[in-house]
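Novice: Sequence:
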Amino acid sequence: GYSTTKFALEGFTDVLRRESLASNLNLRICSIQPGGILTPLSKAVPQQLKSWTENNSSNPFCVGAIKSSTTMQMVLKNESILNFLMMVSPKLVANYIYVASIDVNPPYHYVVATPLMHILSFLLRNLPTFLADRLSLNL
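Per the working numbering, the sequence shown starts with residue 10, numbered consecutively.
These are computed hints drawn from the structure, not numbers from a lab. Honestly, I wouldn't trust all of these hints.
SDA-like cross-link-like pairs, simulated, lysine to any residue; straight-line CA separation at most 20 Å [as the list claims (entries may be wrong)]:
hint : residue 1 : residue 2
1    : Lys15     : Tyr117
2    : Lys15     : Leu101
3    : Lys76     : Arg143
4    : Lys15     : Val121
Using C-beta positions, here's what the derived DEER-type ranges look like [as the list claims (entries may be wrong)]:
hint : residue 1 : residue 2 : range
5    : Leu30     : Leu132    : 29 to 35 Å
6    : Ser67     : Pro115    : 44 to 50 Å
7    : Ile46     : Ile128    : 14 to 20 Å
Yeah, the Cβ is synthetic: ideal placement off N, Cα and C, and Gly gets one too.
Let's have the full structure, built from the sequences with the hints guiding it.
Specialist: Quick look at the structure:
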């Protein structure tokens with residue numbers, strides 16, 4: 010669900026930019042692609058996942074949800090590690106939005122993520138699919 014909509018927005022932005030160029034419209038179109046953002050909502054997700062798995066134990070997606078919940082709970086215990094390795098601040102995302110709004114020639118995509126998440130994203134996009142799948146299972 011969530012990842013699918015993020016990917017759809019990237020495709021939509023690319024098509025919109027190309028169609029505006031083909032129509033000779035003077036538009037600057039780019040996407041801001043934030044990774045995880047450390048907010049009160051993100052801190053509540055592990056407990057919400059845990060509650061969902063308890064109420065939907067026969068759902069085939071429970072195994073993955075339990076793994077995600079456990080990993081997130083472990084990471085959230087040490088917020089400084091979380092900030093450094095996995096999630097960015099809302100202020101950083103806002104800064105990227107501001108920069109994109111005043112940039113005369115913005116890049117097509119602004120990826121707002123920690124260095125570790127940039128590396129993981131690169132690997133997941135460029136490794137052969139069977140390796141990327143195995144890597145994502147161990148995250």
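Novice: Run every hint past the structure and note whether it holds.
Specialist: Quick rundown of the hints versus the structure:
no. : hint                          : in the structure
1   : Lys15 with Tyr117             : holds (15 Å)
2   : Lys15 with Leu101             : holds (19 Å)
3   : Lys76 with Arg143             : holds (14 Å)
4   : Lys15 with Val121             : holds (13 Å)
5   : Leu30 with Leu132: 29 to 35 Å : holds (31 Å)
6   : Ser67 with Pro115: 44 to 50 Å : holds (47 Å)
7   : Ile46 with Ile128: 14 to 20 Å : holds (19 Å)
Violated hints: none; the structure is consistent with every hint.
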